[in-house]
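Let chain A serve as the given structure and place chain B on it in line with the hints.
Here's the letter readout for the chains.
2 protein chains.
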Amino acid sequence: LRATPSRPKLHAMSEPDFQRARTPERKAERRAAILFAAGDLLDAGGPSAATLSAIAAKAGVVKSGLYRYFESREDILIQLMLAGIEGVVTAAEADAAALAARGAAPGYPGRVARAAALVAACFAGRPRVCLLIAEMAPTLERNISVPGIVALKLRMLPLIARAGGAIALAHGALPPTAAALAANALPPLVAGLWPMANPGPAVAEALRDPRLAGFDQPFETSLRAAFHAVLLGAEAAAQPWAKSQ
Amino acid sequence: LRATPSRPKLHAMSEPDFQRARTPERKAERRAAILFAAGDLLDAGGPSAATLSAIAAKAGVVKSGLYRYFESREDILIQLMLAGIEGVVTAAEADAAALAARGAAPGYPGRVARAAALVAACFAGRPRVCLLIAEMAPTLERNISVPGIVALKLRMLPLIARAGGAIALAHGALPPTAAALAANALPPLVAGLWPMANPGPAVAEALRDPRLAGFDQPFETSLRAAFHAVLLGAEAAAQPWAKSQ
Numbered sequence: 022l023r024a025t026p027s028r029p030k031l032h033a034m035s036e037p038d039f040q041r042a043r044t045p046e047r048k049a050e051r052r053a054a055i056l057f058a059a060g061d062l063l064d065a066g067g068p069s070a071a072t073l074s075a076i077a078a079k080a081g082v083v084k085s086g087l088y089r090y091f092e093s094r095e096d097i098l099i100q101l102m103l104a105g106i107e108g109v110v111t112a113a114e115a116d117a118a119a120l121a122a123r124g125a126a127p128g129y130p131g132r133v134a135r136a137a138a139l140v141a142a143c144f145a146g147r148p149r150v151c152l153l154i155a156e157m158a159p160t161l162e163r164n165i166s167v168p169g170i171v172a173l174k175l176r177m178l179p180l181i182a183r184a185g186g187a188i189a190l191a192h193g194a195l196p197p198t199a200a201a202l203a204a205n206a207l208p209p210l211v212a213g214l215w216p217m218a219n220p221g222p223a224v225a226e227a228l229r230d231p232r233l234a235g236f237d238q239p240f241e242t243s244l245r246a247a248f249h250a251v252l253l254g255a256e257a258a259a260q261p262w263a264k265s266q
Numbered sequence: 022l023r024a025t026p027s028r029p030k031l032h033a034m035s036e037p038d039f040q041r042a043r044t045p046e047r048k049a050e051r052r053a054a055i056l057f058a059a060g061d062l063l064d065a066g067g068p069s070a071a072t073l074s075a076i077a078a079k080a081g082v083v084k085s086g087l088y089r090y091f092e093s094r095e096d097i098l099i100q101l102m103l104a105g106i107e108g109v110v111t112a113a114e115a116d117a118a119a120l121a122a123r124g125a126a127p128g129y130p131g132r133v134a135r136a137a138a139l140v141a142a143c144f145a146g147r148p149r150v151c152l153l154i155a156e157m158a159p160t161l162e163r164n165i166s167v168p169g170i171v172a173l174k175l176r177m178l179p180l181i182a183r184a185g186g187a188i189a190l191a192h193g194a195l196p197p198t199a200a201a202l203a204a205n206a207l208p209p210l211v212a213g214l215w216p217m218a219n220p221g222p223a224v225a226e227a228l229r230d231p232r233l234a235g236f237d238q239p240f241e242t243s244l245r246a247a248f249h250a251v252l253l254g255a256e257a258a259a260q261p262w263a264k265s266q
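Residue numbers (our numbering), protein chains in the order written: chain A, 22 to 266; chain B, 22 to 266.
Treat the hints with caution; some may be incorrect.
A pair holds if it fits inside one copy or across any two, identical chains being indistinguishable in the list.
[Unchecked claim] Quick list of in silico lysine to aspartate or glutamate cross-link-like pairs, DMTMM-like style, CA-CA up to 25 Å:
| id | residue 1 | residue 2 |
| --- | --- | --- |
| 1 | Lys174 | Glu226 |
| 2 | Lys84 | Glu114 |
| 3 | Lys174 | Asp237 |
| 4 | Lys84 | Asp230 |
| 5 | Lys174 | Glu92 |
| 6 | Lys174 | Asp230 |
| 7 | Lys79 | Glu95 |
| 8 | Lys48 | Asp230 |
| 9 | Lys174 | Asp96 |
Everything labelled a hint here was simulated from the structure, so no lab data went into it.
Bound-form chain A, shown alone (with noise of 0.2 Å):
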C-alpha cells in the first residue's frame, strides 16, 4: 500500500522540482536521482565535473537538499563506489557460475589464469568504479564522518567475501583462505594500477617512446598479470609446506 496514492508523481530527473520528497518510495526515488546524476557527470567528465552544484542541478534537487540523503559529495561518490562494486563482484559471480556450468576447470596453471582474465575483465569493464576505488583512500574518505567510514568497510566486507567465492570458482581449486587473500589485495591493486593505466595525455605521448614501452599497458593487462601473480601467491602459501608462513 503506497501512503499517499493521490500524490502525483514528479519526475526528479526530467526537470528542477524542488518540492521535498515525503514518502519512503519518493525518498529512495530521489535519492537514486541524485546518485545516477553524479554518475552521468563523473562518466563524461572525471571526478572534477562531479560537482555538489552540477549533481544537485542535474538530478533536479536544490543543493541543500542533497544533504537530507547524503553526508558530503564524497558520500555521493563513496554509495556510487559501492554500487559499482557490487556490481563487479556479481557480474563475477555469474561469469565464474557460467565457466563452472560449463565444466570442469582446467589444470594447474590454466584455473589460475582463467581467474586472472575473469577478474580484469569484470573491473575492466567498469571504468567508473576503478575510478572510484582509486579516488577513496586519497581524497573520498577524506571528507566522510566516522560512522559513515564504519557503514562503508561494513558493507565492503561481506562485498569482498562475495568477490572471494567468485575466485574460488572460476578457479576451481582454490582454498578459501587464499580466496579471501586473493580478494582483499583487490581493491589496493586496482587504486595503484588504474591511475598509472590511465594517464593524462603528455604521459600517453611519452610512453610512445620505445624505450618506454614496458610502462605502456593497457589496465585490463596489467591487473590481469598482478591479479595472477597474487593468485600464485595465494596458492602456493596454502600449501601445507608454506604453513610456517
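Only chain B this time, still in chain A's reference frame:
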C-alpha cells in the same frame, strides 16, 4: 679545480638570496637547496604544504627563479621522488648484500619471507618516497612536459632493474625474469597501499571498531604481505610447468 675559486660562498638555505647562481657548482647547490626545502615542507605538512611560494621562500630563491631549475612544482616533487627511490634501492642493495654476506639464503619458504620483509622495511622507513609514489600517477605526472616524463621514466628503468637485483640477492634463488616481474609490481603496490594504510583522522577512528580489524594494517605489514604474494607468484611463474602462461 673550481671555476670561480675567489667567489664568496652564498648560503642559499640560511637566508633569502636572490642573486643568480652563475657557475655549475652554484647552480647545483641552488638546485639541491630547492629540493631540500621542498622535502622539508613535504615531511612537515604533506603535499599541500609544498607550494611553489613556500618552497621558494624556504630555499631563499625568488619564485620565478625556481623555473631556472625545474619545470613546475610537480617537477620538483618528481625529482624528490626519484632521489627517494634511489635511496630505497641503495638501502635494499646494502641490506641484501649484508644478508648474503652472512651466509647462504634459507630454503623455501624462508627466502621469500626474507626478501619481502627487506623490501617492505626499506619502503616503510621512507614515508616521503611512499607518499610521492602514491601521488605520481594521479597528480604529479599531470603537470610535467612530455620530455620531462620521458626523462623521468628513463631514470626509473635502471632503478627498477637495480631493485630487481636487490630482491634476487635477498631471496637467493630467484631467476632474473622473476625478480624483474616482482620489482615492476612495486610502484603500483606502494601507490595502492600507502593511502589505505595512512588514512585521515576519521578513518583512523572508524578502524578502531573491532568489526573492521582486517582493514587496520600498518603499511609495512600490508606491503610485506602483498609483496610476499607477488614474490611467490613470480617464483611460480618462473617454473617450467608455468611457461605456457
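Consistency of the hints with the structure:
1. For a Cα distance limit of 25 Å, the shortest separation of Lys174 from Glu226 across copies, 12 Å, qualifies, whereas the shortest one inside one copy, 38 Å, does not.
2. For the identical chains of this complex, Lys84 and Glu114 are neighbours neither inside a copy (38 Å) nor across copies (55 Å), given an alpha-carbon limit of 25 Å.
3. In this assembly of identical chains, the alpha carbons of Lys174 and Asp237 lie at most 25 Å apart only when taken from different copies (11 Å versus 33 Å within one copy).
4. With identical chains, the CA atoms of Lys84 and Asp230 are never at most 25 Å apart, being 46 Å at best within one copy and 32 Å at best between copies.
5. Only within a single protomer do Lys174 and Glu92 lie at most 25 Å apart by alpha-carbon distance; the minimum there is 16 Å, versus 41 Å between protomers.
6. For the identical chains of this complex, Lys174 and Asp230 are inter-copy neighbours only, at 10 Å across copies versus 42 Å inside a copy, given an alpha-carbon limit of 25 Å.
7. Taking the closest pair of Cα atoms, Lys79 and Glu95 come within 25 Å of each other only inside a single copy of the chain (17 Å); across copies the shortest separation is 34 Å, beyond that limit.
8. Taking the shortest alpha-carbon separations for Lys48 and Asp230, neither the intra-copy value of 53 Å nor the inter-copy value of 30 Å comes in at or below 25 Å.
9. When the C-alpha separation of Lys174 and Asp96 is checked against a cutoff of 25 Å, the pair qualifies only within one copy, where the shortest distance is 13 Å, while the shortest distance between copies is 36 Å.
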